[in-house]
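Novice: Sequence order for the protein chains is A and B. Throughout, the working numbering is defined as the position within the first sequence, counted from one, plus 26. Throughout, the working numbering is defined as the position within the second sequence, counted from one, plus 244.
Careful: at least some of the hints might be erroneous.
Unchecked claim - Only pairs whose alpha carbons sit at most 27 angstroms apart, straight line, appear in this in silico DSSO-like list of lysine-lysine: (1) Lys295(B) with Lys386(A); (2) Lys548(B) with Lys572(B); (3) Lys391(A) with Lys136(A); (4) Lys391(A) with Lys370(B); (5) Lys516(B) with Lys548(B); (6) Lys605(B) with Lys554(B); (7) Lys386(A) with Lys548(B); (8) Lys587(B) with Lys272(A); (9) Lys291(B) with Lys659(B); (10) Lys554(B) with Lys295(B); (11) Lys527(B) with Lys554(B); (12) Lys587(B) with Lys605(B); (13) Lys548(B) with Lys527(B); (14) Lys272(A) with Lys572(B); (15) Lys554(B) with Lys516(B); (16) Lys605(B) with Lys295(B); (17) Lys605(B) with Lys659(B); (18) Lys572(B) with Lys136(A); (19) Lys463(B) with Lys741(B); (20) Lys605(B) with Lys572(B); (21) Lys136(A) with Lys295(B).
Hints listed in this document are in silico derivations from the structure and should not be mistaken for laboratory results. Only a predicted model underlies this, so the values are computations on that prediction, with no experimental measurement involved.
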Amino acid sequence: MPIDYETLKVIWWLLVGVLLVGFAIMDGHDMGVGTLLPFVGRDDVERRVVINTVGPHWDGNQVWFITGGGAIFAAWPLVYATAFSGFYWAMLAVLWALFFRPVGFDYRSKLESPRWRSAWDWGLFVGGAVPPLIFGVAFGNLLQGVPFHFDNQLVSYYEGSFWGLLNPFALLCGVVSTAMITFHGSIYLMHRTDAAVHARSRTAMLAFGFLLLAGFSAAGIWLQTIPGYVVSSPVVPGALPDPLAKTVVREAGAWMANYQRVPATVALPLLAYLATLAAMWLAARGRTLLAFVGSSLAIVGVIGTAGASMFPFVMPSSSDPRSSLTVWDSVSSHLTLTIMFFATLIFMPLIVAYTSWAYKVMSGKVTAAYVRENSHSAY
Amino acid sequence: MVSEQLVDLSRLQFAATAMYHFLFVPLTIGMVWMLVIMESVYVMTGKQVYKDMTRFWGKLFGINFALGVTTGITLEFQFGTNWAYYSHYVGDIFGAPLAIEGLMAFFLESTFIGLFFFGWDRLSRKQHLLVTILMAVGTNLSALWILIANGWMQSPVGAEFSYQTMRMEMTDFWAIVFNPDAQAKFVHTVSAGYVTGAMFVLSISAFYLLRGRDIEFAKRSFRIAAAFGLASALSVIVLGDESGYTVGEAQQTKIAAMEAMWDTEPAPAGLKLIAGINESEMKNDWEIEIPWVLGLIGTRSIDKQLPGIKDILVENRARIVSGIAAVKALEAVRTDVGDDEAKATLERHMSDLGFGLLLRKYVADMDQVTPEIIDRAARDTIPRVAPMFWAFRVMVALGFWFLALFGTALWFSVKGDFADRRWLLRAALWSLPLPWVACEVGWFVAEYGRQPWTIYGVLPTHLSVSTLSVSSLYGSLAGFVGFYTLLLIVEMFLMVKFARLGPGSLGTGRYTNEPAHA
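Next up, chain A with everything else stripped away, as it sits in the complex (with noise of 0.2 angstroms):
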C-alpha cells in the first residue's frame, strides 16, 4: 500500500481533525445562527432575514457533521462504537435537537400564526444552541477521561452515567464551544445583514467574542491541575490496534508534556487568543468577511488546542486506563484508512468548490425588502 500504516494513522488524527474544524466552521455558523436568532431578531420580518441568511446553505453545512460521523465510524470504529453508546443520552439531546432544524427552516413560513412561527424559532434556538453545547462537554469529558473498559471480546462497557457528563469543567468546555460557535455566527450574521440585525449581531459578537477569551483562558488554567494520562508500556505506532496491548497511567500534568516535547504545538493556543481579537477588532471596523476568516481560524486554534494536548489518546479511560483509545490502537485496518484517505483526497477539494460556488451565488445581505418581495418562496 502506497502510504505505511503509522504515517496513516498520523493522517487520520488530523484528518478527523479536519472535519471536525469543518463542522464547526461550516455547519457551526449556522448554528450560531440559530442560537442569535429569537434574540437578533425581534419581529416576524427581521427573524426570516435571519433565518435566510442561512436558508440555502443550512443542509449542505449539516453534512459536515454527517460525514463527519460517518468518517470516524470508517477511521475510527472503537472510538464510534465507545463514544456514542457510551455518551448514550448525551447523542441522544443531540439528535433531538438536530431534529428541529430541518423542520424548523423548511415549515416556519409556511403558515402564518405567530406561534407556529414562534415556536419554530424557538426551535431553531435549540437546534442551534443545544450541539455545540453537548459536544463541549464531551471534549470536557474526554480531557478529564471517561469511565468505561473492555473485555477480552472487545465488547465495551460504560460506567458513568449521563448526569456524570455535567461536571463543572466540562460544563465549563460547554460553555467555550457555545461561545465560540455563537461568536463565529454573530460574525457571519453581520456579514450577511444590515439595519437593526446587523447592529444587535455586533453586540452579541463583542459579547460572545470576550466570553470566548474569558472560558477559554480559564478552562487553560484549569487544566494544568487534571491530571492526563501517558501509555507506559513500549509503543510500536504500526501495530495492529488493538487497545488492550498496552498499559497506561494517569500523570498530573500530562496534557501539558506535549507543548514541552513539540513547542511548535503552542502555535494552537496562540492562535485561538490571537484569531479571535483580530476577528473582534476586524468585525467592530466593519471588515466582516475577513473577520469570517478570524473567526474561523479561532476554531481550529480551540479544537487544536483540544486535540493537541491529548495527543495519542484520543478517548482515555479513566476506569481502566489500559482501555484507553489512541490514534495508534483504535483505527480501521491499513486497507481501509487508504482507501478512505484517497477518497476524501478526491472529493474534500470537490465539496469545498461547489460549496464556495453555492455561497457566490447567494452572496450579499439578506433585508427586509428580499424577504418581502419573496414571501412565498423563501424561508
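Dock chain B against the given chain A, drawing on the hints supplied.
Specialist: Structure of chain B alone, referenced to chain A:
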C-alpha cells in the same frame, strides 16, 4: 450474556426508526427525477407552466425532504449508540460506504437543494437545470452507497475475520462495491422510489382533474407521471426478479422462508401463489402453485435445486457444531496469542465462526452447550415463515397493480382523453398510499428475512447491541415515538394543506386558490 429484552428493544427501535425514515426516502428518490424532467421541458420549450410545475412539485418535495433529512441522521447515530459491538466488529467495512456516501453524494444533494429552492432568480435557466440534475444525481448516489452498505450485511463479501483485532476487516473494496446483492438491491430500491414519485404526482394531479381545477397544469403533470411511472413499474418488477435471483444465491434461508418451502423440491421448483402455513409442524396445510417459476427465478436454470427449510436446518446444525470449535479456539487465542494449535483450529473452522456465535444467545461458556441448545440455535437460523411469505406476496401483487395502473394511465394519456375518465382518475387517487405499503413490506422482507443475523452468517443480531440498560432503551424508544408522531402530524398537515392549495400556493396569480395578499 446480553438480555433478550435489550436485544428486542434495540431491534424494535432500529426497525421503527428505519421504516419511518423509509417513508420519506422513496418519494425523494423518485420525485427528484420528475423535477428534472419537468424543468428540462421548461428549458427546452420555455413554457412558463413547466417552471410552475417544477416549483410547485418542488415545494411538496421540500416538505418531504425535510423529514427525510431529520430522520436520516437518526440512522447514522444509531449504529454507534445502539449497535456498538456491531460498529466495532464490522466498522472496518461498513463504515467506509457510509462515509463515502457523505463525501460523494450527500454533500452534492444537500448543497444543490439549497440552490434549487433559492437560486431561481440568480441562475440562468441552464445553470438552474444543472443544479437540479446534480441534486438528483446526489440523491441517487446516496441510495447507491447506503445499499452497498446494506448489501454487505446481506452478503458479506470482500472481508475476513482477524483474531488480533477481533473484528472483520476489509480485503477487497471493489468486491464490496460491486457486490451483486448490493447492485441488485440498489436498482430495485431506486425503481421503487421512482414508482412512489410517479404515483404521488399522478394521484394529486388526478385530484385536481376530478375537481376540475388547474386543468392544464394537472394534465401535463399527469402525463409525465404516467410515462415515468410505467417505465419505473416495469423496472421495479424486472429488477426485483434480479434481486430474487441474488437472494437465492446468497441467502438460502430468506428465499426458503419467503416461499414457505419446507422441503427441497425437485428442480425446477414451483412458485406458491398462496398457502396455508403451519409453522409448528413445518409444513403447508394446503397450497396453490405455479410449476417451474420459482426455480427459474431463484436459480436461472431448470436443473439446479433450491434447498428447503428442513435441509437447510440440517446443514446449519452441522455448521453450528463446527462453529463451537471456532469459538473455543478464538477464546484460546485471545487469552494466549502464542497458542498455535488454537490458531490452526480457528483457521479450519473460520467459515462457521458466526454459527458458533449463535449459541451465545443461550450460553456464555461453550463447554455447557447441549444438543437441545444446538437445536434451538439451528431453529433460530430460519426467520418466521408466515410474515415473510405474506409480506412478499403483498409487495409483488402491488407491483403488478402499479404496472396495470400506469399502463392504463399512459394508454389514455396517449389517446388524449384521460381527463374525462373519472374511474381512472379515482383509481389513481386512491392508489396514492400503495407505493409506501409496497416499499415498507419490501424493506421488511429484506431485513426481517436476514434474521437472526445483522451480518448474514457472520455476526448474530443478539451480539451486535450496545451494553445499555433496558430502561435507557424504553426511554429512548418513548422519545422517538413521541418526536416522530409529532413530526408526522406536522408533515402530513402541511403536505395535505399544500397539495390541496395546489399551484396557487406559488403566488403567481395564474391558478386557483391564490393567496389573498401579494
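Novice: Hint by hint, note whether the structure agrees.
Specialist: Status of each hint after checking the structure:
no.	hint	result
1	Lys295(B) with Lys386(A)	24 angstroms, holds
2	Lys548(B) with Lys572(B)	36 angstroms, violated
3	Lys391(A) with Lys136(A)	23 angstroms, holds
4	Lys391(A) with Lys370(B)	25 angstroms, holds
5	Lys516(B) with Lys548(B)	18 angstroms, holds
6	Lys605(B) with Lys554(B)	22 angstroms, holds
7	Lys386(A) with Lys548(B)	61 angstroms, violated
8	Lys587(B) with Lys272(A)	22 angstroms, holds
9	Lys291(B) with Lys659(B)	23 angstroms, holds
10	Lys554(B) with Lys295(B)	59 angstroms, violated
11	Lys527(B) with Lys554(B)	10 angstroms, holds
12	Lys587(B) with Lys605(B)	24 angstroms, holds
13	Lys548(B) with Lys527(B)	22 angstroms, holds
14	Lys272(A) with Lys572(B)	25 angstroms, holds
15	Lys554(B) with Lys516(B)	18 angstroms, holds
16	Lys605(B) with Lys295(B)	58 angstroms, violated
17	Lys605(B) with Lys659(B)	62 angstroms, violated
18	Lys572(B) with Lys136(A)	62 angstroms, violated
19	Lys463(B) with Lys741(B)	21 angstroms, holds
20	Lys605(B) with Lys572(B)	15 angstroms, holds
21	Lys136(A) with Lys295(B)	20 angstroms, holds
When held up to the earlier numbered hints, the structure conflicts with 2, 7, 10, 16, 17, 18 and fits the remainder.
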